[in-house]
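If you're matching them up, the sequences are chains H and X in order. Here the first sequence is numbered in our numbering, starting from 1 and rising by one per residue. Here the second sequence is numbered in our numbering, starting from 1 and rising by one per residue.
Honestly, the hints are just simulated from the structure, not real lab data. Any given hint could turn out to be false.
As the list claims (entries may be wrong) - Simulated pairs of lysine to any residue, SDA-like, Cα-Cα distance not exceeding 25 Å:
{"hint": "1", "chain 1": "X", "residue 1": "K33", "chain 2": "X", "residue 2": "E54"}
{"hint": "2", "chain 1": "H", "residue 1": "K33", "chain 2": "X", "residue 2": "I16"}
{"hint": "3", "chain 1": "H", "residue 1": "K33", "chain 2": "H", "residue 2": "E63"}
{"hint": "4", "chain 1": "X", "residue 1": "K23", "chain 2": "H", "residue 2": "N8"}
{"hint": "5", "chain 1": "X", "residue 1": "K33", "chain 2": "H", "residue 2": "R94"}
Quick caveat: nothing in here was measured; it's all calculated off a predicted structure.
Protein chains: 2
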Amino acid sequence: MFYRDGINATGIDRVIAGAGVAKASLYNNFASKDELIAAYLEAHLDRFVARLCELDTLTDPVERLARFFAGLARSAGEATFSGCPFANAAVEVRPDSPAHRVIERFYGELAGFFARALGAAPDDPAVTQLVVCYDGALSAARILRDPSCVAAAAALAQSILTARRARPVAPGATN
Amino acid sequence: MFYRDGINATGIDRVIAGAGVAKASLYNNFASKDELIAAYLEAHLDRFVARLCELDTLTDPVERLARFFAGLARSAGEATFSGCPFANAAVEVRPDSPAHRVIERFYGELAGFFARALGAAPDDPAVTQLVVCYDGALSAARILRDPSCVAAAAALAQSILTARRARPVAPGATN
DNA sequence: GTCTCACTATACAGGTCTGTCTAGTACGAT
DNA sequence: ATCGTACTAGACAGACCTGTATAGTGAGAC
């Protein structure tokens, strides 16, 4: 519900009705809605990290990125697609909320994955470019309701990778 | 306030207190909060379109994109920066709201600007890639609180432009 | 002067929100 | 059998939300 309808639009009463539990039970397991949001994001993060680990077993960086964006494109084509849960949540939660720390961890994992694929440091501009690709792909695909945004971003990501391999030193920000 | 704190987090009472007007006055000028949100986005859209028109007077597409992203980078460096107001709003308003139509108009204008710069059709994959750059740049810059995301996106945008000029036919989605 | 119009301030209705509390129930361990 | 634990249903508090209604004020048109 948090993902589909948004966090603020989803009240606790609807959550417990959907889960089929009593309100006291929910508050026995989560101290507050903020904690529940953080747990919701953490569940997403766990699945995401597991998928990244699978992709890390591939030896070819081109295929890693290709499969990564292919997975995104598949998600973007589904009826339940509603963008990146972390980017969406970042708009709705406050920066000092526990959920925001999960969001930051997500972006750390994402940058780490891209850095490994590129053989670069996490703060390399090319890594940032790939993060921009990811974020823009899902945001645009959501708002425009057009999964082809993800395909366009995938092609862009591959061009970043090939540019990086052609001249692996400082390929970036001041061109 | 809608921009800084988010739309759902900003109640009508705070709006009228900040504007120094009575509630009845606000509701004389705007039928509902939804209409107020749409007007808020429309004001942003007007300024944005005006800036795009200025940029369209430049003959060199490279400079158009460079100045466009330089403006974004300037915004991203300001303390009040909070991402793209349209992308943020898209997370908080419902798809059938009047605000959402303004958001769609914004993306139409954005794609039009990129299409003119590239000399391409608005549905060209390269145009979509530039939209992805824009969206990703502002989203990542906001969440990571790092304006360098915009600089990375700017470099990426220029590479899309040069790739397009090197081989102007079908540069995109299936690479 | 008088009418009109837009404003101000404020109370209020009706709803939703989060979070707490009470009261009762099922179940396993000892 | 009794205790502890976790659950259920649901009332409730207190705050906030949007939107409306009431009552009064000031300025310009004629």
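A quick look at each hint next to the structure:
no. : hint          : in the structure
1   : X:K33 - X:E54 : violated (32 Å)
2   : H:K33 - X:I16 : violated (29 Å)
3   : H:K33 - H:E63 : violated (39 Å)
4   : X:K23 - H:N8  : holds (24 Å)
5   : X:K33 - H:R94 : holds (22 Å)
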